[in-house]
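Below, each chain spelled out in residue letters.
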Amino acid sequence: MADYQMPEWLLESQGPLPSFNGTRKVRRGFLEKTIDGFSQIMIDDFFAERIAGSRGLMQGLHPGIKVITTLLLIVMAVCLRTWPVLLLLNLWVLLLVYMSNIGLSNFLKRVWLVVPLFAGIIILPSLFNVVRPGDPLLVLLHFSGQHRFGPWVFPDTLAITRQGVRAGIIFVLRVGACVSLSVLLTLTTRWPALLKGLSMIRIPSLFTKILEMTYRYIYVLLQSASDMFLARKSRTVGRTNTKEQQQFVGSALGALWTRAFALSEEVHAAMIARGFNGIPRTLSSFKIEGLDWFWTGFTVLVSILLLWGDSIVGWR
Amino acid sequence: MHIPDGYLGPATCVVGYVVMLPFWATAVKKVKETLQTRLIPLMVIGAAFSFVLMMFNVPIPDGTTAHAVGSSLLAIILGPWAAMICVTIALAIQALLFGDGGITAFGFNCFNMAVVIPFSAYFIYRLIAGNSEATSAKRWIGGLVGGYIGINLAAMCAGIEFGLQPLIYGGPVYCPYTIAQAVPAMLFAHLTVAGPVEAIVAALVIRYFQVSDPSLFLVGAASKVQATVKEGFNKLWYIIIALIVLTPIGLLAPGGAWGEWGADEIKNKFGFIPQGMAALRDHWHALLQDYGIPGWGGDNPAFWQSAFGYIISAVVGIAIIVGLTYLFSRLVAAREAADKS
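Line by line, the protein sequences are chains B and X.
Just so you know, we're using my numbering here: the first sequence kicks off at 573 and counts up by one.
Just so you know, we're using my numbering here: the second sequence kicks off at 768 and counts up by one.
Since the hints were derived computationally from the structure, they do not count as laboratory data.
Heads up, some of the hints might be wrong.
[As the list claims (entries may be wrong)] In silico DMTMM-like cross-links for lysine to aspartate or glutamate, where the CA-CA straight-line distance does not exceed 25 Å: (1) LYS859(B) / GLU1103(X); (2) LYS781(B) / ASP867(X); (3) LYS805(B) / ASP829(X); (4) LYS681(B) / ASP867(X); (5) LYS859(B) / GLU621(B); (6) LYS797(X) / GLU838(B); (7) LYS796(X) / ASP616(B); (8) LYS605(B) / GLU816(B); (9) LYS605(B) / ASP616(B); (10) LYS905(X) / ASP980(X); (11) LYS605(B) / ASP829(X); (12) LYS797(X) / GLU784(B); (13) LYS815(B) / ASP829(X); (14) LYS797(X) / GLU837(B); (15) LYS815(B) / ASP867(X); (16) LYS796(X) / GLU784(B); (17) LYS605(B) / ASP867(X); (18) LYS905(X) / GLU621(B).
Isolated chain X, as found in the complex:
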């Protein structure tokens, strides 16, 4: 489920961050506004718990093991908004420290695992559990169904994100599979293995709480954390709905990725080229002479001449990069030595 760097193209990654921004911004704003001092240590411990939970190997019947994401369980214990913050933090530590999940793909990783799973799982859990007794079987059944559906919805989202890549970039430049290939592949793995694992973990932990101390899995409600976090998040729904409506339009737009147009495409789209851009293009061409050596080969260079030009440029470029890298390592060493003395 953790998408590494390089699977999704640059425009898709930007979309991922844009989708997540309102969630993060609202979370920060609300946490600051409520001034609930209890909230920060709870988020900290929740995030650490989420990280450790993802490390647990859950045994599955064929004798091997699998990992759970655990966002559904956290959503049931702390409420979906708090779970969103905790899982985001856990994913950030995994991406930054342990290389699990990419930095450019962080937006969509958060969307899949910190938004889709907690919110869908929580909604289904509430739907089934309702206002039943804390010890009611409806509670753990709600966790079971919520966890299963939640992770499969997330897997479907990941499949769609993968499947859009060949559409957006016109071929196998990034993840090469079409939606018809990526979505069934992701869903198969999650319907059969990862889904049951997520569901069983949520259900078993709820059962444990019901037996040991039923008040425990109502932590969020009990400490009013859930209420304070939830309050005022309502406006966000409008933004989310707008984004959900707009996102596919942007992703499926024909032609180049949005914002990556060349000058000609901009001319087609807007009917003119912004003046600054036209000037830049002229300079660019004057400087690089269509990527040959300036003043060599005339206006129509022969193939070998331009090829030779590229090779020379490449060799010079590489030499400069290696030379400067070496220079920097000497300078840094000198500075470190100076700091030491």
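This is chain B alone, in the form it adopts within the complex:
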């Protein structure tokens, strides 16, 4: 199983389709965006499958242990409140990424190009004294005086505050650490293995079974929806207005549900035919070895060390 790999050419991106408008740059419409979104899901899945099938530190661990220890580390990361310790945690996660033979540049692109963008936009207003008062670090503008609108008070200067910058750095580092850990888990674990891990932390088998089946049918429905959008795109030659486009989305969703519901009836019939009586059963064969227990102990140790370091840095 470990030797299963996607051929290189299937994973390469083809670049945008040629546009017939000559040199003028056309903004991508909802059809292109949706089709791209659908295929991106499949690309991500193939990518994860390839990494999960390769060898490395995280791939070699027992899936249940890996799920539990990663959850522990994420909870610990949420508890951390100081930047030096969060930075350390991030560097350690990058070390784990490296040891798991995931391309560092690819991982950095996935996490550290995205996180500062989204978390950064959210945190950006809090850097300014208008939103959260604090010691000014950099004064940008002077106003004529204080203003008051209901519960909001505007001070007489616009400045970036020291506290704001500090909190912003901590925030982005913490979100980055959490995202890194969950990306590391999903990239190095196949979906069935991940579900076995979940059932180890007492998630009811009903939920894991539904999760397992849902994962399969997501791709069936994605393919179906993708075909609909592609068919529509190939028939679109002129301009369309928003109302008509929204109508199409509504109809596509309605048609998709019609198909999905019929599919669920077929799946039900197939399950009944195979002796399903309402209670999902899973085959489970776990083999946790000494090494996996040591790894658990190790992550607990790392968590304690980092939380301890956090309390020292935070309290002085």
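Take the given structure of chain B and dock chain X to it, following the hints.
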């Protein structure tokens, strides 16, 4: 609407899971009890549909696009309880596989999108549609209004969850905005863009069903799924109401987060320190000597001595972590090689 990890503090995340537990537990119990074999494939397909629905780019008038959550539509088709299960599953796959929405924030993400939207949207839809004809305009108007109000209620909940963070943790440790900032910001985005999108999607799909096959959006009622799922969920309302009453009290309690007290706070609260905890504290102090190097600097170490102690401890700690990580990667590689041969 998907809250990532790190926005909400640990105590808040625990509250999120505690709020969701009765919902999930009852859902599992009822699905197992009813033994309706049709229920599981329907939940599966519903969850997959919910996932794909969230991927749809809906065009909006300024030429760009937005995503709908779609929980209101699912609630109208399948009933709120089935929608709750489907959206929970879809959110779990997004969090676990695609990093959309955090794992620690999963409880509150489910509360906002799998509970608040379906239940409020369904209630409003029933209120407007009543027992009208399947082809009646009241149906799609109910979907329109339900979707709009539902997602805005969820946005308000998310805003309150964000806004409570500085209150609970005493400053900008997690999401830094106060309720007066977070709630209007969330509501503005949802009243203007996300709300209309959710409403239009629900209304247009209902219109589609009315034109193509009116029986389709009564799937839940028709296959008795809704009735079987709904049955026996009534007790849950008492738990939910109790939680709703209790939650703000716990969240707004002054001082440290609940359960995160230090020994002194416990002494203040209970008048004594549990014996085991006192013993633990003594050991802890003996071992760490106030975080300096044991036996160095005496009882009152100078600042540079303790600082030096911290730095040494940090360097040794990091070296141990890196060394052990490397060791583990070698051991795992050895085990993989052994499995292979």
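Verification of the hints:
1. LYS859(B) / GLU1103(X): Given pair LYS859(B), GLU1103(X) holds - Cα atoms ~14 Å apart, limit 25 Å.
2. LYS781(B) / ASP867(X): 21 Å, holds
3. LYS805(B) / ASP829(X): Roughly 20 Å between the alpha carbons, so the hint for LYS805(B) and ASP829(X) holds.
4. LYS681(B) / ASP867(X): Given pair LYS681(B), ASP867(X) holds - Cα atoms ~16 Å apart, limit 25 Å.
5. LYS859(B) / GLU621(B): 22 Å, holds
6. LYS797(X) / GLU838(B): Cα-Cα ~23 Å, so holds.
7. LYS796(X) / ASP616(B): 35 Å, violated
8. LYS605(B) / GLU816(B): This hinted pair holds, its Cα atoms lying about 17 Å apart.
9. LYS605(B) / ASP616(B): 16 Å, holds
10. LYS905(X) / ASP980(X): 17 Å, holds
11. LYS605(B) / ASP829(X): Holds, because 15 Å separates the two Cα atoms, which is no more than 25 Å.
12. LYS797(X) / GLU784(B): Cα-Cα ~20 Å, so holds.
13. LYS815(B) / ASP829(X): 12 Å, holds
14. LYS797(X) / GLU837(B): 21 Å, holds
15. LYS815(B) / ASP867(X): Distance ~29 Å between LYS815(B) and ASP867(X) Cα, so the pair is violated.
16. LYS796(X) / GLU784(B): Holds: LYS796(X) and GLU784(B) sit about 19 Å apart, inside 25 Å.
17. LYS605(B) / ASP867(X): 18 Å, holds
18. LYS905(X) / GLU621(B): 47 Å, violated
Violated hints, in rising order: 7, 15, 18; the structure is consistent with all others.
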